[in-house]
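Novice: Take these sequences, add in the hints, and give me the full structure.
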Amino acid sequence: MKKFKALVLAGVLAMSTVLTACGAGGGNAGGGGGAIKVGVVNNPPSESGYREANVKDMEKVFSAENGYELKTAYSLKNDEQLQAAQGFITEGVDYLLISAAETTGWDEVLKKAQEAGIKVYLFDRMIDVDESLYEAAVVSDMAKEGETAVNWLKSQNLGEYNVIHIQGAMGSDAQIGRTGALDAEFAAGTMNKVVQQTATWDEAEAKKIVESVINAGTDFNVIYAENDGMAKGAVAALDENGIEHGVGKKVVVMGFDCNKWALRELKAGNWNYDGQCSPFQAQIISDLIKSGKAPSSKKIINEEKGFDATTLTDADIDQYGLGE
Amino acid sequence: MKKKRLFSGGLGQLTIPFVAICLLVLFNVIRDLIMIFVLKTPDYISFFSIEITKNNIGNSVLSGNLISIINGASELAVLAIGMTLVTAACGGQDISVGAAAAIAGSVFVKVLKASGNINAGTVILAFLCACIVAMIFGAFNGTLVAVFKIQPMIATLILYTCGRSIAYWINGGATPTVESPIIEGIGRFIPGIPIPTPVLIVAVMLIVFKVLFRFTSLELFTQAVGINQSAARLNGINPTLIKLLSFILLGACVSVAGIIGVSRLGLINHETLLLDVEMDAILAVAIGGNSLGGGRFKISGSIIGAYVIQMLTITLYSMKVSSTDVKAYKAIVIVLLVVIGSPVFKEKFGRFMARRAASKVQAKGAEES
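Just so you know, the protein sequences line up as chains A and B, in that order.
According to the working numbering, the first sequence is numbered sequentially starting from 219.
According to the working numbering, the second sequence is numbered sequentially starting from 222.
Think of the hints as simulated: they come from the structure by calculation, not from any bench.
Some hints here could point you the wrong way.
DSSO-like cross-link-like pairs, simulated, lysine-lysine; straight-line CA separation at most 30 Å [claimed, not checked]:
1) B/K275 - A/K485
2) A/K278 - A/K485
3) B/K334 - A/K278
4) A/K411 - A/K372
5) A/K468 - A/K478
6) B/K334 - A/K274
7) B/K334 - A/K485
8) A/K411 - B/K541
9) B/K541 - A/K362
10) A/K411 - B/K261
11) B/K567 - B/K551
12) B/K261 - B/K541
13) B/K541 - A/K372
14) A/K278 - A/K337
15) B/K551 - A/K411
16) A/K295 - A/K330
17) B/K275 - A/K468
18) A/K411 - B/K548
19) B/K541 - A/K468
20) A/K278 - A/K330
21) A/K523 - A/K411
22) B/K431 - B/K567
If you want a taste of the chain A side facing chain B, the calculated C-beta under 10 Å gives, among others [claimed, not checked]:
23) V413
24) W419
25) A434
26) K450
27) I461
Quick caveat: nothing in here was measured; it's all calculated off a predicted structure.
Quick reminder that beta carbons are idealized off the backbone N, C-alpha and C, glycines included.
Specialist: This is the structure we're talking about:
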C-alpha cells in the first residue's frame, strides 16, 4: 500500500512537471489585452543559418511593439509540430503560422483551426491540404532562384561555359529548384557539363569533387554550387591548385543563400554571384494580417534577389546577409 | 610458396590493407593504360601523376590524386588511431566521434572568435580548449562504458544523437568563418612546405602514439584488457582505468580531427563537419586487420585502412562516378575486404594453399622417382 501511494505521488509529480514544462514552452508572450495573438509552429533555429534568421525575423516582426502576442513552438518532428499547433488552437490564438516538418498529416488540425475561426498562414514550406484550409502560403520559388542565377550567368557572355555543378542533398526542394534551370542549359547544349555531383551540402565533399576535376586536368570556367558552404569548399580547391577565381578572373564562382561571410567574399571580388533564399516572410504575413483583407492569391512568392559582385553594396550585406 | 606466406604469416595483420591498396593501385594502372593506349584519350593525366603548382598565395605545393588521397584521409586517419585503442580495450566502438568533432571544432572557432585577433597564442589556446572539451566528452563516454559497463555503441549513441545540437549551442545556427594565415597553415599548407599540413599532423600523431607505446606499458595493458579482462585484473591491471584512458585518448584524436576539418575551409558547419565519419573510422580499424572484438591491435593498420577508404573514394570520383553511387560501390569493395579478412576465409584459403602445395610436392616426388 505504501508503495502504491508512493507511485501515485510520483505520478502526480511527474504530471505536474510536464504541465508546467508545457506552460513554460508555450508562453513566449508579451503585450496586453488588445494584442493580436499569433502562434508560430516552426523548425528549430538549430536546423540551419536560414532557419535561425527566419526565427529571428518572426520574433522581430511579431513583437509586442508591433501589437502582437507571439507564441512559438519549434520542432523538427511533424507529430510534435502537430501537437503544438493543437495546443495553440486550444489556447485560442487569432492566427496560426506554420512551417511544417512534413507535408502530410495536417488535414485534421487545420480543419479544427478553421472551425475555431483561426486563420492559418503557411510560410517557407507548403503542406498537402486543400487550399481552403489556409489563407495563403508565403514561399520561396526555388526554381526561380535557379533561373535568376542561370540568367545572370548567361548575361556574362563567356565564350564558352564549362560548368562544375555541385548539388545539394538530392531530392531537397532547394536542390531540385536550383538544378532545374542549369540542367535545361546542359540539355540545350548552351553550357557544357564538366561534372555534376552532389556534395549533400557538405563543404569538404565539394572540395574533393573539384579537386578530382583539377587532378584529371579537365578545363572549366564556372563553379555553380547550390549553397555558400559548398562554394567555399570549391574555392579552397581552386586556391590550393593556383587557379584564379572571382571578378575578371578565369573561374566564375556562384553560390546561394547569401550568408554575410559569402557576400563579403563577393565584395572582395573572390566570388561572382550569390543567389538569395529569403527567410524573411514575416513582414509579408504581418502586412496581410493588418490589412484585414483576404490575400489575392493562395500562393504568394517571396521575391528573391541575386547579387552580382560588381554591384553589391555594404548596405545589401547588412540588409540581406544571414548570420554574422 | 611466397604467396602462401603472404596469407598465412609474413605481413600478418597488415596483409588485408596491403592487398587492398595493391588492388586499387592495380585497378588504376589498368585504367591508365586503357585510357592512354586503347582509347587514346587526348590530354589524359595519369591517376598517379603528381605536379608542383603555385597556389593562390604564391607557394609551391604538390597536387594530384595521390596527394588528395593522403591529404583528404587525414581526419579519418587521426580518428582511426583513437578508435583502434577504444576497440582494442573495450571490444566495442565509439559512434559519436563525428558529433564530438563538431563540438571540438565549434569550441575552437568560438574561442578564436571570442579572443578577437587570431595569432599563434590564441590558436594554441583554442586548440587546448577544444582538446580539453573533447577529452571531457571522451571521459563521459568512457565512464559509461568502463564504470557502468554499458555497451560502447549504446553508451556513445547518446553523444551521437545530441552532439551536433551541443555544437549548435556553442556558435548558433549560422556557419561562422575564421580567416587567418595561421588557420590556412593548419588546414592547407605552411609556406615553404609543399606537403599539405594535415598529412604532417597525421605523421606527428602517429609518432606521438608510437612514443607513448614505446615508453609506457599502455599497448600491452590495452591488449591484455581486450583479450581477457579478468586475467588482466588478476595481473594487477585496472581494466576500468585502461578503458577510460582509451576513450580520453580518442577524445584528443577527435579534437585534432575536428580542428583539421575546420581549418581546411576556415568555416564550421556543425551539421556537416565530418558527417558519417564514425562509420568510416570503424571501417578503417576493420580494414586495418584489427579485431573489432578487442585485443591485439596495430594503429599503423588502421591508418592504412583510412587511406584505403579515401583511395577508393578518389578513384570513384576520378572516374566521375556519381557521388550518390559512391557509397554503394564502396559497400561492395568493403564486403569483399571484410570477407577476405574473416577468420573463416583465412582458414579455408590456408587449407586450400596447403593442399595445393602438398599435391605439388607429391607430383614432384612422382616425377623424380
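Novice: Taking the hints in turn, state whether each one holds.
Specialist: For each hint, the structure was consulted:
| no. | hint | in the structure |
| --- | --- | --- |
| 1 | B/K275 - A/K485 | 25 Å, holds |
| 2 | A/K278 - A/K485 | 28 Å, holds |
| 3 | B/K334 - A/K278 | 26 Å, holds |
| 4 | A/K411 - A/K372 | 15 Å, holds |
| 5 | A/K468 - A/K478 | 24 Å, holds |
| 6 | B/K334 - A/K274 | 22 Å, holds |
| 7 | B/K334 - A/K485 | 22 Å, holds |
| 8 | A/K411 - B/K541 | 12 Å, holds |
| 9 | B/K541 - A/K362 | 29 Å, holds |
| 10 | A/K411 - B/K261 | 22 Å, holds |
| 11 | B/K567 - B/K551 | 22 Å, holds |
| 12 | B/K261 - B/K541 | 18 Å, holds |
| 13 | B/K541 - A/K372 | 26 Å, holds |
| 14 | A/K278 - A/K337 | 21 Å, holds |
| 15 | B/K551 - A/K411 | 25 Å, holds |
| 16 | A/K295 - A/K330 | 20 Å, holds |
| 17 | B/K275 - A/K468 | 16 Å, holds |
| 18 | A/K411 - B/K548 | 23 Å, holds |
| 19 | B/K541 - A/K468 | 23 Å, holds |
| 20 | A/K278 - A/K330 | 28 Å, holds |
| 21 | A/K523 - A/K411 | 25 Å, holds |
| 22 | B/K431 - B/K567 | 29 Å, holds |
| 23 | V413 | 6 Å, holds |
| 24 | W419 | 6 Å, holds |
| 25 | A434 | 6 Å, holds |
| 26 | K450 | 6 Å, holds |
| 27 | I461 | 8 Å, holds |
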